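S.K.: Here is what each chain is made of, one letter per residue.
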Amino acid sequence: MAPYANLPLSPAELSYLYSSLAQDPPIRPDGRSATQFRPLIAESNILPSANGSARICFIDGTEAVVGVKAEVEQTHENHLVAQNDTRDGERTGRPDPSSAGSWFEISIEIPGLRDDDALPVFLAAMLTEALLGDGELTLKLRINNRFHWRLYIDVLLLSQPLSYPLPLLSLTTHLSLLSTRLPALISEGDEDPLFSDDWEASTFLYTQPNSNAAGKLHQSKPPITLLVISAGENIIFDPSRDELAVAEAVVAISIRQNLLGHMEVVALRTIDAPSRLTASGVPRSLDATTGTNASVSNADAQALREEDEGQSVWRPPRGGINRAKLSQMMATATMENGIGQEVMGGLAGVQGS
Amino acid sequence: MTSLKRSYASSANPTTTLSSKTYIRTLKSGRVQKITREVYLRQDIPCSSKLCATCQNIEPPGFRSKKLPAILSATPSGTKQYPQGHYLVPDTNAFLTAMDLFEQEGVFQDVIVLQTVLEEVKNRSLPLYHRLIALTKNDGKRFYVFFNEFRLETYIQREAGETINDRNDRAVRKACAWYQQHLQSATQARGSVRCPAVVMLTDDRDNLRKAKTDGIEGADIQSYVSGLPDADRLLDMVASGREQRVQGSQKAELFYPEYLSMSAMLTGVKSGALHQGIFNVSPYNYLEGTVHVPAFERALIIQGRENSNRAVSGDIVVVEVLPKDQWKAPSSKVLEEEDLNKNDNAENEEEEGSAEGVVTEQERKALQDDVKRAHVKNAADKPQPTAKVVGVIKRNWRQYVGHVDRDSVRSSSKQSRVQQTVFLIPMDKRVPKIRVRSRQAAELLGKRVLVTIDGWDRESRYPVGHFVRSLGELETKGAETEALLLEWDVQYRPFPKTVLDCLPPEGHDWKVPASLDDPGWSNRRDLRDLLVCSIDPPGCVDIDDALHARKLPNGNFEIGVHIADVSHFVKSGNAMDQEAALRGTTVYLVDKRIDMLPMLLGTDLCSLKPYVERFAFSVIWEVDTNANIVRSDFTKSVIRSREAFSYERAQLRIDDKNEQDDLTQGMRYLMMLSKKLRAKRMAAGALNLASPEVRVEAESESSDAMDVKTKQILDTNQLVEEFMLLANISVASKIYSAFPQTALLRRHASPPKQNFEELANQLKVCKNMELRSDSSKAVADSLDTCVDPKEPFFNTLVRILATRCMTSAEYFSSGTISESEFRHYGLATEIYTHFTSPIRRYCDLQAHRQLAASIDYEPLHPNLQSRAKIEAVCKNLNVRHRNAQMAGRASVEYYVGQALKGRVVEEEAFVMRVFANGIVVFVPRFGIEGLVRLKDFLDIKPQADSSDSREPEATLDTADYVLEVKGVDGGKARKVMLFDKVVVRIRDEVEESTGKRKVKLELL
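Here the protein sequences line up with chains A and B, keeping their order. Oh and the first sequence: position 42 is 42 in this note's numbering, straight run, nothing missing. Oh and the second sequence: position 422 is 422 in this note's numbering, straight run, nothing missing.
Don't take each hint at face value.
[Stated by the list, open to error] Quick list of simulated restraints, FRET-style, between CB atoms:
#	chain 1	residue 1	chain 2	residue 2	range
1	B	Asn396	A	Gly261	57 to 67 Å
2	B	Ile316	A	Pro48	31 to 41 Å
3	B	Asp206	A	His262	43 to 53 Å
4	A	Glu342	B	Pro257	53 to 63 Å
[Said to hold, decoys possible] Straight-line distance between alpha carbons at most 27 Å, and here's what the computed DSS-like set of lysine-lysine pairs gives:
#	chain 1	residue 1	chain 2	residue 2
5	B	Lys981	B	Lys998
6	B	Lys901	B	Lys981
7	B	Lys998	A	Lys69
8	B	Lys34	A	Lys69
9	B	Lys875	B	Lys935
10	A	Lys69	B	Lys28
11	B	Lys50	B	Lys21
12	B	Lys270	A	Lys69
13	B	Lys592	B	Lys998
14	B	Lys875	B	Lys753
15	B	Lys429	B	Lys447
16	B	Lys122	B	Lys394
Keep in mind that the hints were calculated from the coordinates and are not lab data. Note that this is a predicted model, so its numbers are computed, not measured. Ideal Cβ placement from N, Cα and C applies to all residues, glycine included.
Bound-form chain B, shown alone (with noise of 0.2 Å):
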């Protein structure tokens, strides 16, 4: 017998440039495949040394045919250890613990990246992946992609029995070989004696050990960054690995039970019998999680450090159910890491994990309580399921501000530098104390640093990480200011350049052309003509609105929204567009504005500033008297703002009986025909929610908040909401009926009925009122109806707490959804998008471009035809949205802190949540809530001194919401209930352990 067919499977060293590579992939619906791939090496890639003149002429030639420059450079740094200098090859593991290394500036140079490790990175870690393509992109940092999987000469097959990692590390090691010869060869053809090294750098022994074999150099990180000039701080970077964490403590105790294996816990989730879900934790409790999971309507508790088995906030976990007898209610105390866990050492983790285990005593204590009282307690609050997490999906960490603990600190002097371990503790109430350890802890005490979470293994009772740098001192603006932007994700820093190159040339001249001939006016109506005016907030730069209207000789009106048009200048897909996509709003904070667009175009050229021209996108609607809709027509088109109003002034203008010019009386048709339609819309059931608004005056010189004001909102507030609400829904039905699948549309969908349960109980038992929830009619009705003569915020605050029992609004493509189910509830109008302010934010100028080609004025970008990245933009848009509102609350919080610094003031507060262990009031003049503890309660006291910090005994009726405190030391006994107005101390504190200034609430 004979075989006729060359064998198919090439062998281990390909001569020719065909080989194949075969795998077997798992699909997510369970088949299996044997994938073989046909790969096909090349000789042409290029080493990138300037070193090497051959490679600059093998290279093939790349866009517009020119050449890639060389990155690395011919005279590398050297070291104490390669003198000649040398380049670096980091294996995958280099990047993922040390990527914060890298990222330093002017530390390592000459990096060369192989394929095989970024596409190693690329799996482990998508955003490590992003960082270390966004540092191959910096020209100074001189990293270099070389494609070694394509190169002939050092590609490799895999070998039988050989496990993938121990492949790419051959990979690596082949790499550098190669890399090794080829610059010896080159070094020689120049004549040149200095040829640099090629360091290995790897933290896996036995790669090094095989790397001293084959003759390659090879480097650990800690040897090799402990040569480089300020390597305390460096070494800080590099995250813990598990040898070092695991070192010593061989002995100790495990403290959390395992993880399933990932096909267990698929397998059960699959079969109904664990449950996946994002993990979170109570803001209040932090020993407390929810995990909602489809299965269920509520969402279950896991309670206790050792159910919550190792998850941190956001992460994706897998939950079983308890049995019933372990099932809880949810906690009725607030529990804060901070007062609990004082004297928690960081260093010695045997001998406080031997004598407390997961739980100290103290936090034993204080769950035991609440089973006590779940136990006593009646139907109010039953005992729900609660779960405990049997495994983690997908980790969520990401970088953490916080601060040192200062008890944690061992030596506080600053010369010493011993490696010492402390805790660190985030910001996040939620996330738990991060065990961090650092040569420079004392460097940092007092300051806002950035860590990274490395692990949290079974044998440590809090996640490991290192530092990635100081902020600066706490509570300076800029260090706090940095600290919420990097917490809301808020990408902040400056524009690129390839951003900046997508700007009109002109600049701030850039000017409508004058001629009509001009491209620009194609298609773009001339209503120059039109008096056109802009109401916004004071001091408003970025103009995304204007508006006119006027009486037509039929007697109807013309009404016209006029927005800025901002898809003249960001043309679909470009960087500009990329990046705008990637911010995907602007967020305000109290002193600063991080702009999704460049300057240039959101305060100048595309804002629609008085008395210049500029190009808009109109909506005009012709209207009669009783505000109904009869005809409506968008279209492009060049304006003239003639004036610029703030709300004040609109006001004072519509209301001076004086004014009688054209523009004026325009303003008034505009003022009478947006009371008809908001008549209209509260008649169809839409809700006027309130949330905690408060403006912060800054006085502008240094910018230290002066005073705090609650935000006062006038009629032409409601006029300008109302129109661009109108523009709005015009908008969404064109686009929808234009592009059925793919319009970017946004919705709220009405929240479950059992959301509004409790807040229904409480106005029920506190205050006999009715909150009825079955549309949003009814809600809108029944809030109307809770007021409380005596106080007129009480109706505020109610409406405060059914808007958090809402779900949030949502962008959407309308292909994904049904139609029926594209309601905004709180609005109450059947279709909905963003279009009125392309300035700010991104969805607005998706809708500019989608009706721009619904009424054919140009064609629709690919990019917006297809579901799949409409999808990814909403998905985008939803997180960015939220963290923007969540960044520029967290920043009036801030500002209200400091405009309260140094003074005590009593003002009133409204109680908002009681706790058995305190309660949280909502102070209306600062728009600020807090917790205000038991030992707190200042009138118990005989002599009102708050540095008693004794725990008064105290018993919470959970069925009326009532918590009645004992007096101590013959103090008078108080009740305190529900939604009751109460007078509170504010002043702030500065907490001694940190050093960080916290605003104190202290019930009189």
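With the rest of the complex left out, here is chain A (with noise of 0.2 Å):
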């Protein structure tokens, strides 16, 4: 079990805490509002070898680095859908979407956790799936018809996985992928790519803000997962893992900026919530220190505890949540002017060194 979902806290003490994450407006127990993002640290282009890096840490001692490393690949047949040879005569390649998956690779390292381990597999899965929504990356890796990119991207947690590390990693790869610059392609055509030597004129893969500032358009830029849990009537943004083991569904939501400057989600998954696996408490009534309803079967406790449906006492949040919430924490996600351009804001002023 990952240790950010076994937390020692009581029943008393989640129910206190759920209790104050419900209330309108809530009460975060660090005090932020809702949508608020908790500060971080962030550089990127640490590592001299790499296409890209960068390192988070956030304020609650988790940290993780990302590495991008770019090679040349050979483009198989089947991954170009071909376009009507007839209309045209010639040949235009597109990479067809479903197979150009394998163009890029995530790999994430946990500490303590294999790498075929649930929960570094998932979160690849997840990142990956960020990345493929979004369909542009991988026009961004085709060099010419023949060949393309491929890159690896490796993703360290450098620290315990202190809390459900998802925004983490994910915003780590985003400001990775915004800093990663591959060589200039000097080759013409369909020809064997050659590529110029000079580091200095290699091209940044999601274009650099101040390039066209003069156009009115935006640059696209890599897609973040931003977490968000409900309490509730409440959703509450980048949840800290106290809250975490409250949630009533956990909802990872993957947003990105299109070439309009606007947000969009590209992807969306539910994170089974830890909250879930809390003890629940147990009714006075049925408390045998207490010892005053000493003999009660085993169907009239349940029963009990049913009834309670968690009024007096901590019972593990259960079943799903409901499509207008969701809406919800997608519309909050991708507001003009919202938090999911808050966050990519802040990131974009990262200064890559």
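Take the two lone chains, each set in its own frame, and fit them into one complex as the hints suggest.
M.R.: Laid out in structure tokens, this is it:
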């Protein structure tokens, strides 16, 4: 079991936490508003021999490093969807999105876990999904009809996974992709690619803001995945470890900025909330230590707990999340000047050294 | 958000001694890597000027804690422009274009070679880099390599968007500025007024302009050299820059198609659409070349200038196969550039160009004839795939020896110092004429000169080059000898001091140590009692091998082959060894020997001279009476040769019944056994090949060639040969078993079948003889049947031709090839190496070392354990070996020509090849091969007048190899068939245009 899941909180503490989060407005243990991000420390271009890299350190002490390396690879014929040969006679290959997943590879290393453990595999799948959902990355990786870049995104969590590490890893990946540069192509057409030996001439995978500041067009940005929880009627972004422990539902929303500068959702997943694993409280009437009602049958005890519905003691949340709540989460994340833009804007300000 | 870490990449102006640089490297496999290198900068790299006291103090001590002395003079020479004296800082292009100039004695001194420049030169041209390194090692030249990329003050980072060239230019300027300032403070510290200028030498205008704004002295080569004495001669040595070449011909039409880009070529070659190979020009037809590519069995033909697209023989090119309707049969005509394009004007490219394009009218006509015939003609020579050159991967230009075309010189008055463009005709017929601009053209007429090709642009019909130096008058012995040594890249300079330092200090007084306790005697067998003798050509001084034989009590024989123990004197890896490895072999010219090892070793200390004790490496066998080996043994030894025979004297001694001493008896045993060995070898299918060998007998004093004789082969020649072969084979299997990966062996690949096809067909058609080529045995047997009872020489001729069909033998490292490929085809043995001539061949020396290690005499040097190093050695040896043979042949050819000087001889000759416009004949008496043109067929003309240069009409029947020539002016017709015996008149002729003497053959 992942370390973040097993919190030594008593049912009473859990109950207290939950009820304060469920209030309107919610009261979070660290005093943040529902959509406020915790401060973080970030830097990019920290690995000299990688094509792009970044390091992010969250305030809770979790820290991750991501390195992106690119290699030239030959494109197999079936990766390309030949476009209507008959019309113009010229074959223009486009990457077939279904098979282009193999054009990049994300591997996640978390201390204490094997690379085939469920957590790293699931996290890698989610990050891959977000990158693929964007569809643009594979276009950027195409060199010509015969060759493409293959990206190796190596994610390394430096600290123990004290809280669910998805947002950290996603933000670090985002930042490293922003700083990723590919050697400048000097060959033409479908020749075997030749590249300029000048690193300074290399081009950014995702164009930098200043390069087309004059045009109204915004540059697209790699996706980020945000963690959102619901507690009662509230939706809360960037949950801390404690907050996760009482969340009713945990949703990972991947958003990206498209060419028009708008936020859009590219992937969505619910995550098994750690709160379901917490121990439920025992109603006073059933407490053996107080000795009031020592002999209650099992079935009765069950019924009593159900009736209580978590009103008086802590009961792990059950059930899913309704559609209205989901769409509210998505709307909040992608809102103009909302949290999505705030986070991306913040990361864009990180100076690539 | 805050950043915690110091940024990694450093800023543009490093203040600490740690910096890094980043670049992208593309590997051969297509992988692209970002490389980051850390750079540790220092402040103790000296400026090496004698003016500067501080640098001499800060310099870290080197080997044996000695400090290197400062190189640059305190009082460098001045010029008009820099009267206070100056140090030169040339940029990369200065070295690339004017290396010949820098090499001139006493012209350039006190030169600072920046590391940036040195590295760039290395990337651009390895040969030039080696020459530059040689210059920096030359004490008198005072060239100093300054490691500016490692000195804190002169190190610069590449800026964003800066090309690497701009960055390097900036580095050069930065270093100049530093030197300037550094020298100023140094002279101030000394209290002297005179501070030498630091002059940057570059032809880059932009660079000069920037230097000016930075306050750095700069000059371009042209103007700098103009300020020196003897500027005319020096300026000729500067390669003509591209700007100069193009100058004034902007409107010039582009003669040649553009080359493909490098990436397009590589893609094409990878995908199989294009092919890569070495461009070879036919020695008979300068417009026809072949490229052998791995994809096809036969070489692709490249016809015409346009298709060969500026490729020069030897270049590595990429070709594209032409469509089938353009396929042609190989040309059956002899074309020589000199004959066709006599009237080209070197000066005026534009006019001539617009009129004729790349291919002159004559050339086009000559080619047309070919095509016509190819269309008419039949099965015998089917059209073969042709190709065109689309790009050049690597130029293999070297320095070429040639002479100035007299017709291209406008004003031949020696006084006029006008710069004019002249043609230089290279000695190598396969190389096109080279256009050269010179002010001393008139002076160079009639001289052998050395030139370099600088480039070949699309708008120029011929390559452009520059003079390097003059070798001397045509036909003087010195000039011609040097010319052919240069042509074949034979290293003929005297041995440098470092090499001579490796010789034993006793010199000629060195003796085998008397005391058996001496370390030289350890593990060495004392064989001084054996009756050893050597048999060599008369007058041989470098005696590699000696032999002995004696009867053993059990009826078997003991045979010993004793080889000079050169490896005792030449230790692996020292300067002498490196020099020997570079030279690869001793080169024998008619009147000169260019040694692989210094004279002291070759002709004295190692040479197994008679009557003195010498170290040897002995192979001793016990053989039964049928020459089967019972036991073999290898040992280092000491021998004392009893006698040094010449082949003839040995033969006489063996034949003389009166001689009954043990030595003679031993030689008779050897003779008897050698005949048995030979019979066995022949039965196994060894080939008895022939090459035209003649000996020039030179009168000793003047060494003007007097007479030419074909070499005689005696039984004693074969005696020595048999035992040397036996020793080589024994040693080869021994070292291969000891070092399966790195044994240095020699192999002779079986020739591909199609090589023999043509010759077999010719023999069948003309002589009704059969040449089978399934195996070496079949070849050997069928060659024996190719006998014309009336013509004893015919068989030799066939053998000469058969030899040319074969591949050449090569050295290799045993780990590179599978064991089944080790076979030596010609000798019909499974394994072979060279062991018996360590004085004159480097391979043998290596084999000695490997053998010594395999018998635990001494440990194997690491150089001989690395496969890569052995492979590199093999590659060089193969080239050197071939070049040495070629140089030797060229020397004989020259002397034969000299022997014929002023004489008119009529000799028998055999037709070797027929062309549509001439025949190639071989003259056995002189061993020369020459072309007889149709116009030199004297008997078809009523008056045998060779000055009549009309071309008679002739038809060539390529199926029957018959050339029918119609008579001129009612003269009688003549039919010449391949292999016919004819009589030719040989005389020498001085060519009008060049003043060059040629052997001329006329058919009688």
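S.K.: Next, verify each hint and record whether it holds.
M.R.: Here is what the structure says about each hint:
no. : hint                               : verdict
1   : B:Asn396 with A:Gly261: 57 to 67 Å : holds (58 Å)
2   : B:Ile316 with A:Pro48: 31 to 41 Å  : holds (37 Å)
3   : B:Asp206 with A:His262: 43 to 53 Å : holds (48 Å)
4   : A:Glu342 with B:Pro257: 53 to 63 Å : holds (60 Å)
5   : B:Lys981 with B:Lys998             : holds (23 Å)
6   : B:Lys901 with B:Lys981             : holds (25 Å)
7   : B:Lys998 with A:Lys69              : violated (66 Å)
8   : B:Lys34 with A:Lys69               : holds (9 Å)
9   : B:Lys875 with B:Lys935             : violated (44 Å)
10  : A:Lys69 with B:Lys28               : holds (19 Å)
11  : B:Lys50 with B:Lys21               : violated (33 Å)
12  : B:Lys270 with A:Lys69              : holds (26 Å)
13  : B:Lys592 with B:Lys998             : holds (22 Å)
14  : B:Lys875 with B:Lys753             : holds (26 Å)
15  : B:Lys429 with B:Lys447             : holds (17 Å)
16  : B:Lys122 with B:Lys394             : holds (15 Å)
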